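Number of protein chains: 2
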Amino acid sequence: MATKILPAALERLIEEFGNLPGVGPRTAERYAYAVLRRDPTQAERLARALNELHRRVKTCPVTFALIDAEEEVSPLYTDEARNKQLVCVVEEPLDIVALERTGQYHGTYHVLGGAISPIDGIGPEQLHIPELIERCKNDQVAEIIIATNASVEGESTALFLQRYIQEASLKITISRLARGIPVGVDLEYADQITLTHALEGRRTL
Amino acid sequence: MATKILPAALERLIEEFGNLPGVGPRTAERYAYAVLRRDPTQAERLARALNELHRRVKTCPVTFALIDAEEEVSPLYTDEARNKQLVCVVEEPLDIVALERTGQYHGTYHVLGGAISPIDGIGPEQLHIPELIERCKNDQVAEIIIATNASVEGESTALFLQRYIQEASLKITISRLARGIPVGVDLEYADQITLTHALEGRRTL
Chain A
283 MATKILPAAL
293 ERLIEEFGNL
303 PGVGPRTAER
313 YAYAVLRRDP
323 TQAERLARAL
333 NELHRRVKTC
343 PVTFALIDAE
353 EEVSPLYTDE
363 ARNKQLVCVV
373 EEPLDIVALE
383 RTGQYHGTYH
393 VLGGAISPID
403 GIGPEQLHIP
413 ELIERCKNDQ
423 VAEIIIATNA
433 SVEGESTALF
443 LQRYIQEASL
453 KITISRLARG
463 IPVGVDLEYA
473 DQITLTHALE
483 GRRTL
Chain B
283 MATKILPAAL
293 ERLIEEFGNL
303 PGVGPRTAER
313 YAYAVLRRDP
323 TQAERLARAL
333 NELHRRVKTC
343 PVTFALIDAE
353 EEVSPLYTDE
363 ARNKQLVCVV
373 EEPLDIVALE
383 RTGQYHGTYH
393 VLGGAISPID
403 GIGPEQLHIP
413 ELIERCKNDQ
423 VAEIIIATNA
433 SVEGESTALF
443 LQRYIQEASL
453 KITISRLARG
463 IPVGVDLEYA
473 DQITLTHALE
483 GRRTL
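Here the protein sequences line up with chains A and B, keeping their order. Residues in the first sequence are numbered from 283 upward in steps of one, following the numbering used here. Residues in the second sequence are numbered from 283 upward in steps of one, following the numbering used here.
It is worth saying that the hints were derived from the structure and are not from the lab. As the structure is a prediction and not an experimental result, all values here were calculated from the model. One or more of the hints may lead you astray.
Intra- or inter-copy, both count: the list cannot distinguish identical chains.
[As the list claims (entries may be wrong)] Simulated crosslink set (DSBU-like; lysine-lysine; CA at most 35 Å straight-line): (1) Lys453 <-> Lys366; (2) Lys286 <-> Lys340; (3) Lys453 <-> Lys286; (4) Lys340 <-> Lys419; (5) Lys419 <-> Lys286; (6) Lys366 <-> Lys419.
Bound-form chain A, shown alone (with noise of 0.2 Å):
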C-alpha cells in the first residue's frame, strides 16, 4: 500500500505477536493495541519477563520437567513425599500442571519431550526414553502410568513404550489412564471411540 496505515512500532508488535500458536492477524492487533493504551509499565514487564525466560528456566536431567535454572532437579521429584517408585510418563511438560492440578497424584513424572510421529520427523530415539529405562532400573520403579495423549500419536507412543519396557524385562506394572466418558458430556453426544474406550473400560459396581 502506498501509505502505512500504522506506526512502525506497532506493526512490529502485530508483527511479533503474530507469531505466538494460534495468533491471526486480527488477534495480534487487538494485543498490540491493548499493550499500547496501558500503562507502559505492563509492557515492560512482559518484555522483561520474556528476556528472562530462557535464561532461568531449563530442563531437569532425571524428569525432564522444567525446573529453575539455579535448581538441579525438579522439586516434584526431590520431594521426599513423593513416591519416586510411581512414575508418570508424559509428553511435555505442561501436561505435569494439569495432572498436579487435580491435587490426587504423589508420584514422581517423566516428560518424554513429544510423541512419536514419523510425518513430523520424530521417531522414538528423539525421546527420553533410554532415560526412564535407566529410572526404572536406578529407583526400583514398581508402576508406570502412561499419561501420554489420546492422539493418534500418543496412542502410539503408548503402545511402543509398553512393548519397550516388557523388552528391558523389568518386573514393572505398567498402567494407562482411563479412557472413557468425560464429566459433564451428555452420552449422546460422545463419539463412537470414546464410547467403545467406556464400554471396554466399565467397572462393576
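With the hints as your guide, set chain B onto chain A.
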C-alpha cells in the same frame, strides 16, 4: 500448593500473557511454552517491540490516528492524494486499518477515541468532537461519514455527533455507513435488526 510445579520465570511470563485481552490461563500457558521452545531471539524480538512501543508511537494532533513518534501529522492526512474535504469519523485507530483495507476510500480520518458510554463513564466531552468541528472549519469539510460501530454505544455516538454538527450550523453533508446484510450471510440467519436496516436501506435497481 506445596511444591512449585513450573519454574518461576515461566509462571511470570504466563501471568503477563494472561493480562492480554481475552487470554485465559490455558492460552497464556500455551503462548509462554511456545516462546520457551523456540529460539531465544524470537523472545528478544517480541521484548524489544514491547519496549519500543510507547516511545515510538504517538497520536496525530489533527486526526488522532496513531503515528510514528517522529511524524508531525498522520500521513493519511498529509498525503496530497487524499481529499481533506471528506472526513470519515471512527471510534478507534484500528478502525482505520479496516477501512484502508478496502482500498476504496480516499478521504481523511478522524478518530473519536471511543464512543459515548455512560456505564463506562465516557461522555461526549472525552471524545475528540470539538477538534472535529475545528477541522470542518479549517479544511472546508464537505462531507462527514460517520463510521462508528454498530453497537448501542456506536449508535448513540453517531446520533449525538449528527445533532452536534447540525447545531454548529456548518454546511456539511452527514452520512453513515450502510447497514444491511453482510456478504456471504444467508437471509434466514440474518437477525431482525439487520434485516430491518436492509429493508429500509434498499436500493432501486
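Hints, verified against the model:
Taking identical chains as interchangeable, the C-alpha atoms of lysine 453 and lysine 366 lie at most 35 Å apart only when both belong to the same chain, with a minimum of 15 Å there against 82 Å between chains. Taking the shortest alpha-carbon separations for lysine 286 and lysine 340, only the inter-copy value of 15 Å comes in at or below 35 Å, while the best intra-copy value is 42 Å. Proximity of lysine 453 and lysine 286 under a CA criterion of 35 Å is satisfied inter-copy only: 31 Å between copies versus 68 Å inside one chain copy. Within a single copy, lysine 340 and lysine 419 get their C-alpha atoms as close as 25 Å, which meets the 35 Å cut-off; across copies the closest is 63 Å, which misses it.
Taking identical chains as interchangeable, the C-alpha atoms of lysine 419 and lysine 286 lie at most 35 Å apart only when they sit on different chains, with a minimum of 27 Å there against 64 Å within one chain. Within a single copy, lysine 366 and lysine 419 get their C-alpha atoms as close as 11 Å, which meets the 35 Å cut-off; across copies the closest is 79 Å, which misses it.
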